[in-house]
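With the hints as a guide, dock the two chains, each given alone in a separate frame, to form the complex.
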Amino acid sequence: MSKLKLFDAEYKLMDIVWEHEPINSTELTKICRQKLGWKKSTTYTMIRKLAQRDILKNENATVTALLKRKDVQKYESEALLEDKFNGSLPAFLAAFLQDKKLSEKEAKEIQKMIEEATK
Amino acid sequence: MSKLFITVLNMSITASFAALIIIFARMLLRKSPKIFSYALWAVVWFRLICPVSFESALSLLPGQNLMLYNVDTLANPNALSEQYGAGGAVKQTLESTLTAVNTSSNASLIDTAVKIAAAVWILGIAIILCYSAISYLKLRNRISTATFYKDNIFETDQIHTPFVLGLMRPRIYIPTGLEQKELDYILKHEQIHIKRRDYVIKPIAFFTAALHWFNPIVWISYFLMSKDMEMSCDEEVIRQSKEDIRVSYSRSLLSLSMKQSGLLAPLAFGESNIKARIKNIINYKKPVLWAICPACILVVAISMALAANPSDKIEYLASAEKFLEYKTDYVGDASKVGNIISLLDFPENVNYSYFELHTENVPYGITVHLNTDAKTRNKYTGAINQTPFEKNAIIMFSLIGNVDYINFNLTDGQNDYLIQYTKDQADAMVGKDVREFSLDKKTFAQLLKIGDKIEESFINENKNSSITTIGGADGPLKMYETDKVDKSEQIVAFAWEVINKDIAYYEENPAVKIIDSKITRLERIESFDDLTDKTIDVYALEYRLLPEDLSKVVLAGGMDVDEDGWLKETSSMGSPLLVVSRDDDSIEFIGIVMTGTAVEEGSLKTAVKELLEKNQ
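The listed protein sequences correspond, in order, to chains A and B. Our numbering puts the first sequence at residues 1 to 119. Our numbering puts the second sequence at residues 1001 to 1616.
The shape of chain B in the complex, shown without the other chains (with noise of 0.2 angstroms):
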């Protein structure tokens, strides 16, 4: 129920909104045919009625998430925590934290204020639809003796004001002892409600009006609506008559009826408004086309702008309140580290599952660890491809204080790529400090918009330099900058290739078998441009293999184990030293040289050059 009501009350204020503009324009358009300012209401019942629409730029609404994105929220206060993913015991943690921070006596009393408003919005409903039940049967009542006078026309001198009634066979019921003259008027007047269908558009209207009946801006629309129904529906008598009644007809409209209706009829037309109808019907002219054609664009473009709801903008305003709820100044805040995380929006298949603090020692660090599928995790170990994850880290780096890097660990099960960003790499991607932009939401909601204009430019231009980051989970590593950087995932792809290799070696013992291997560098070290037409890269690679049985491996000289029962790439030769070659737009893979033969000849120069002679 409170979410019903949230979400009539969410249509309320946009059709609020809607409802002004439409007010503003009926001014603009009060000397075109009335046909146009009663056209425009049609967008505010849309607005009232339907929860959804489509989005657009040109939308003329604020955002409507934006006024009470909190109430739902706090409303929901589980939400939240159900949105982290499987992490074990931080998981844990967080959730606790949060439940905590989110069911304080603050959360509840929202809830409750909630709840008791949406009792008395449903309250008032059945208040208003019983007393218009009561109306109807009683008209129903006195008009139940009206005698039939031709067509679909009855009479009673139980009314004063003629009006239609009746959804399925609409009947128009007339007081007795009218002029001929008045007759004939009244009756084309109520035959062209009845041919525009406006005896079901009314009732629509009220009830709709009964349901956002806390609203007072719909009432005022209901009755501006319901006089422009009616001024309309003068004009179009006058227009369609051969003679000009003009006189005649205000005349008629005068004597008969020196009334005004009220909330009291509903479901009929009763005569409203009689002195600026009357006004209306004499200054009435004939529609020329060159004034209906703009009245025509302007009705059109109104619709369509309060049609749409807005895009972009009110999102990176709804989003950025919920970053900085979080913001914090100490990254040992687990639970707001936490709550940013599960925030963030991470690419398809790439799944948050916990995340690791690294804040024993400076430089402190975050770790984000994230599943995902191989091929997910080879897509981004191309840097074209990782700007989600720099957006990401920017917002981070805004929002908690005295973190120095950021790792994103991609891992499908088997093997682990990270991607890591420090704080001056946000701070050069986004022009000044990037903790500038966590100072209030509208600067941050900026920060969002250049996250993304660097993740669309990234996609889109599919060029540039960027920072590439390769390498292992042993703290902070060295970047990379470089200018072609779409190909490291090339060289990555090189890097396995020999890898793999080692790990076939390492199985050809079949007591072995590796269960996990990870690249812990994978970095530039040299590159010549003198040795072929092509530059050569020379990138050094370290990496990791884990033996499920590290007892049945055989040590050959070299070869070595770290703290954790790691096999390490060295051999007697040394570590693998991956050697490329690369023009604007193509990369090669040429082999290896190991180190230990580089330095042992003295030159890692004239060992590159040996392979390449021993390749052509």
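Just chain A, same shape as in the assembly (with noise of 0.2 angstroms):
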């Protein structure tokens, strides 16, 4: 099976239920608030989005993995901001609004400006 990857929250997550599976749910939802911070619907949607991606089943408030620790992997957080984040906004908006990544000159301009200082 191809690797899947997971968002850091959803990563997370699956920590919590990889250790503690089967898991009732309402206990999910208590260790979820204790550890991440979350609230009780953030978790309950969190269940059910990965339920509809199939890498875990709530069935009978029980929460169980269908995948297995080895077979996923953490999103590297720089990867996924630009694509997730350019479809959600019309074209225009975006244009005006997108934070603009310094470019590579802007940078390397920068980068030279500390050497110097360290010197």
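Derived by calculation from the structure, the hints in this document are not laboratory data. Be aware that a few hints might be false.
[What the hints assert, rightly or not] List time: in silico DSSO-like cross-link candidates among lysine-lysine, alpha-carbon distance up to 27 angstroms:
no.	chain 1	residue 1	chain 2	residue 2
1	B	1279	A	108
2	B	1150	B	1242
3	A	112	B	1150
[As the list claims (entries may be wrong)] Chain B is nowhere near these chain A residues, computed Cβ spacing over 12 angstroms in every case:
no.	residue
4	25
5	39
6	53
7	60
Note that the coordinates shown come from a computational prediction; the quantities given were computed from them, not determined experimentally. Where a beta carbon is used, it is the ideal one built from N, C-alpha and C, also for glycine.
This is the structure:
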């Protein structure tokens, strides 16, 4: 099975599931509140989303993982940002509001500025 | 709504001036810690939010009421006519003329324009609020799965720049996967934001800017303020650190956030202006006391000067503009004359009632009828107190072309008191043709200032000669000048003593009732320095008494009635002359001699001498 990439929050939830499964969903919300600072609704939403993707299942208020820990990997945060966010705004708004990445050239200039200061 | 819009517009204009000055001041302060630049913005936001302030002559601002005065007046054409006194027919005609003038198409056009602009303004605010609500909810959604890190810190991979969010319990949100060293810096930075309540300041600033969305200077200020906020925060991190972390801090900034945040994060802390920030960090030196003091003083001085409203001089220009609108070449232009009078400032307890034009024959005159109470009327019988009327007379002479004299008639319903000024006097007071002052707004503002100065100096110095006028309503009367004009109040009091005795005499007959009385002449006709050690003045007194029923009055010899049914002061002995002795600081009523006696004896001096001897 190909490796699935999970967002940080998804991975953290799965971490708890793997550790405690099978686990009562109410119990799970309590652990999430304690460890992740999540509200009940946040946890249930997350469970539902992961269940849709067949990463876990939630039956009779019991949560079990469908994938093994070794089969998934954590999404690297740098990679996700652009694609994820670009699609969600109308193009003209995006152009106006989108954070502009520092160009390579600018970054190098600043780098040089810092290096010069260290001398 | 239009009114609110104009208020905001006025605040916007004032704040823009403040912002421009602060942008300039920031340049002076660019070597100083950025906390000073940041602090400077407070006054701009004060100006953007608060429509009122205190006044100070040291204010750096031009007058805000200057710019939008016209819009305001024209938008409320009725405001002017409301200011009119209760003067019967004159008032009525005035009002109709006024309304006709002011509700002309021009005014209603401006009115409509203001209304449309106000609607657009509200719409703009609504759009911005919607937009920020949506982006806020979006952001909330993105960080809903942020996981607890420690204390008030949450991490999530859904964001790429750290920020603080929340008004009541602010939380720091950080991206996942940060290195420990970077994290240390970031947390320190954000904690300083929290400590300084920046997370509250920024949304307030944003919503204020939204209120003034039409003003680009406000947005520039908003972004510059954000920049100063971040830079001063960076400086604080470095200042609090024991080691020199400038380089490593800069590296963290660069590696972490090669981003610039735009509008999108009005409520959060993005990383903005990385290059400028890093430059600032690298050049940052821990401030020394001698460098901070001048910056402190500059910030405080500028803030005070910009928070204060300008005093006086602007008001002069504004009211000059109002007055000049009604400048006229002809005293017969009742509408304009009425408008000018309605703009005049009368003292407390003196209310404008109506005016009268004397335009049948030259000299042309205006009588302004004023209602007051007996006490106030008596107060203004003293020349020293008449300066408010002097000022008003000057204004009127300057604006009304061919008027030769102006009367202010003070009445308490019982007795009248008339103050008269002539054009020549007005010219003398200002030192040149008073008309020249009405050529433009600036010079007229000068005249208003002169008027106030005359008023002030008279009150302060309480001396000097001036023109005192005492007289009746029968047309232009003579004036006289005296060195000790403040004594004239006393003389009027003496005159009333005499008149009241006469009234008592008439009313000995129970059928007679005197219902009104007025002085028609009170004039110094002679002065003797050689009779006693004090100076003896002789005043001619003429007055009129109005009986309820003239037919009941038994007219003894010499008694006379004028064409209006008023009893004259004359008797078989002639008219009374008041004899008064005065020196530098006191004035004393000695008695009266009658003109008849004086004439018969052939010499006024002899009669006065006799009176003095009788009194001894």
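Practice problem: Would you list, in rising numerical order, the hints stated earlier that this structure does not obey? | Solution: 3 and 5
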